[in-house]
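Chains as they are written, first to last, in the numbering used here: chain P, 1 to 142; chain L, 1 to 389.
Rather than coming from a laboratory, the hints here were simulated on the basis of the structure. Treat each hint with caution, since some may be false.
To be verified - With a straight-line Cα cutoff of 25 Å, these simulated SDA-like cross-link-like pairs (lysine to any residue) come out:
#1 P:K43 x L:R130
#2 L:K51 x P:E122
#3 L:K47 x L:R288
#4 P:K62 x L:E341
#5 L:K287 x L:P316
#6 L:K278 x L:G144
#7 L:K158 x L:G85
#8 L:K195 x L:L127
#9 L:K185 x L:K195
#10 P:K62 x P:P115
#11 P:K63 x L:R270
#12 P:K62 x L:V37
#13 L:K202 x L:S212
#14 P:K62 x L:K47
#15 L:K168 x P:E122
#16 L:K210 x L:E341
#17 P:K62 x L:E50
#18 P:K63 x L:K51
#19 L:K185 x P:P33
#20 L:K168 x L:R270
#21 P:K63 x L:V24
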Amino acid sequence: MRNKLIRYSPWLVHFNTGACNGCDIEVLAAITPLFDPERMGVKLAPNPRHGDILIVTGAVTKKAGERLKRLYDQMPSPKAVVAVGACAISGGVFAGSYPLVSGADKVIPVDVYVPGCPPRPEAIIDGILKATKKLEGGGEGD
Amino acid sequence: MAKYVEVPVGPQHPALHEPIMLRVKLDGEVVEGVDIVTGYNHRGVEKLGEKNSWVRDIYIFSRICGICNAVHAQTYTQGVEKLMGVEPPPRAKYIRTIVMELERIHSHMLINAVMAEAIGFDTLFMLIMRDRERVMHLKEIITGQRVHADIHIIGGVKRDLKPETAEKVLRVLDYIEARLKHYKKVFEEDYTIRKRLEDVGKISKQEALKHSLVGPVLRASGVPSDVRVDDPYSAYDELKPNIVVRHEGDSLARMLLRWDEALESVRLIRAAIKNMPKGNPVPKAIKRAAGKGEVFSRVEAPRGELIYHIVSTGGPKPYRIKVRTPSFNNIVNSGFAYIGERLADVPVILTSFDPCISCTERVLVVDEKKGLRKWVPFMALSRGEIRVA
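Kindly generate the complete structure, drawing on both the sequences and the hints.
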């Protein structure tokens, strides 16, 4: 029942773990009127405790990695994670640099990967909708 | 008993889109001091630049910042071109200028939209972002990408500007200009905006110079300083941009100045398309090695003066590249501007500085026992002179 409700209005938590801002401004552009995902109930949550889908952008740095783990733990189940951009997937151009742990999946479980540098807003919205499918299918049972 | 209450703002905070933390010391509701904590976004770009070749570094350095990527690429390539003795064709310089000015327009629109959101004016945020998509579209039809332009290559640009594209750019610019004028009027006349921004975070001319602030923050405090005029690069020596200066020095002045600069950018793009020289801007071959030497290269980014210092010992890779970004000066040195203001104004003041955290990251060594903090250069760290416990 709860999962069904969330399907109609998944709230987003956006965390920049060390991005160049390219993906961040595209995530921001994806929630604005031209693309208008609010018609599907998608909007930014004011607090991680209200969020359903975590959007991770940027190569995960060691310092931000700890915060990312904490943020993920604060979100209530069921939850889904979307990694946006080449950096959040594998480190992108920064792969192999000393302050990085590279991809977001090294720190938290990732459900949907959206490739691109940066991905287009349409692709980000598609990733969010794919993540809602996971929410529909049930939580993680914890 | 401690006199102050310490409130952490960030690193994940609805009003901040990037990971920075402000430790705000409060006496009642009045700010007594601010500690600016960065480091969440440190990616070791300068070290990465030393490992990769001259050509690959264009893409690494343009990914320091997604918002001002073309100016990063411009500063890097113009420095490397000087080092290699390559002169880009005049048409390439004009195309680079058009891309950089489009970037300035969308950057200034973005920060004004974020400011509207920070003061709770969500409708205005949405409206500005909707019109900003038009600018992104222009960037896409010129360079092929919405955000990362990646149009700079050593000795020219990656693709030519077609006449049909130029026509379309001029057409859309008419619309954008009208909207920019409208938003400027909204910021000038709206009661709510004036109440939140006027006389908040005031910086005098002396303070701005003393703390070496740069860009729109400096110009809003009455100092006419613009690298495009002081040290012209690319096509700016022919286009002759005007410096916009305001004297109030408060948050409102900084936001209004950005609207004026965006309008000036519209004029510059029109002039650049009109006076564009003929020729082929795409080089046939790319030079891949540089001789010994060092260059100093500077460019006016949307946020202020961007400086690269490039050292070469010859060969296919740079020896050292030092980047000094405008946000580093504007954010880390700006702690004084918060003192005496109210807690609710802290996000407003931070937004009015146009923070770009991905540009700001440096290595910070904290000695917990002595309570000592200092900034250290990468070279000292990589030589092992400083041990981080």
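So, going through the hints one by one against the coordinates:
Taking the CA atoms of P:K43 and L:R130, the gap is near 16 Å; set against the 25 Å cutoff, the hint holds. Of the pairs offered as hints, the one joining L:K51 and P:E122 is violated, with about 35 Å between alpha carbons and a cut-off of 25 Å exceeded. Under the criterion of a C-alpha separation no larger than 25 Å, the hint pairing L:K47 with L:R288 is consistent with the structure, at around 20 Å. A hinted pair counts as satisfied when its Cα atoms are at most 25 Å apart, and P:K62 with L:E341 does not qualify at roughly 34 Å.
Using a Cα cut-off of 25 Å, the hinted pair L:K287 and L:P316 holds, with the two alpha carbons roughly 10 Å apart. Distance check on the hinted pair: L:K278 and L:G144 sit about 21 Å apart at the alpha-carbon level, within 25 Å; holds. Straight-line distance between C-alpha atoms of L:K158 and L:G85 comes to about 19 Å, which keeps the hinted pair within the 25 Å bound. Proximity of L:K195 to L:L127 is assessed by CA-CA distance (about 21 Å); at most 25 Å being required, the pair is judged to hold.
Using a Cα cut-off of 25 Å, the hinted pair L:K185 and L:K195 holds, with the two alpha carbons roughly 15 Å apart. Under the criterion of a C-alpha separation no larger than 25 Å, the hint pairing P:K62 with P:P115 is consistent with the structure, at around 22 Å. Between P:K63 and L:R270 the alpha-carbon distance is near 45 Å, which puts this suggested pair outside the 25 Å criterion. At roughly 15 Å between alpha-carbon atoms, P:K62 and L:V37 fall within 25 Å of each other, so this suggested pair holds.
With a C-alpha separation of about 15 Å, the suggested pair L:K202 and L:S212 falls inside the 25 Å cut-off, and the hint holds. Only pairs whose Cα atoms come within 25 Å are accepted, and P:K62 paired with L:K47 is accepted, the gap being roughly 16 Å. Note on L:K168 and P:E122: the hinted pairing holds, with a Cα-Cα distance of about 23 Å set against a maximum of 25 Å. A C-alpha spacing of about 20 Å is found between L:K210 and L:E341, which places the hinted pair at or below 25 Å, so the restraint holds.
A hinted pair counts as satisfied when its Cα atoms are at most 25 Å apart, and P:K62 with L:E50 qualifies at roughly 21 Å. Restraint check for P:K63 and L:K51: satisfied, since their Cα atoms lie roughly 23 Å apart, inside the 25 Å limit. Of the supplied pair hints, the one linking L:K185 and P:P33 holds, its CA atoms being roughly 22 Å apart against a limit of 25 Å. Note on L:K168 and L:R270: the hinted pairing holds, with a Cα-Cα distance of about 12 Å set against a maximum of 25 Å.
A distance of roughly 20 Å separates the Cα atoms of P:K63 and L:V24; the hinted pair therefore holds under the 25 Å criterion.
Consistency note: the structure conflicts with the earlier hints numbered 2, 4, 11.
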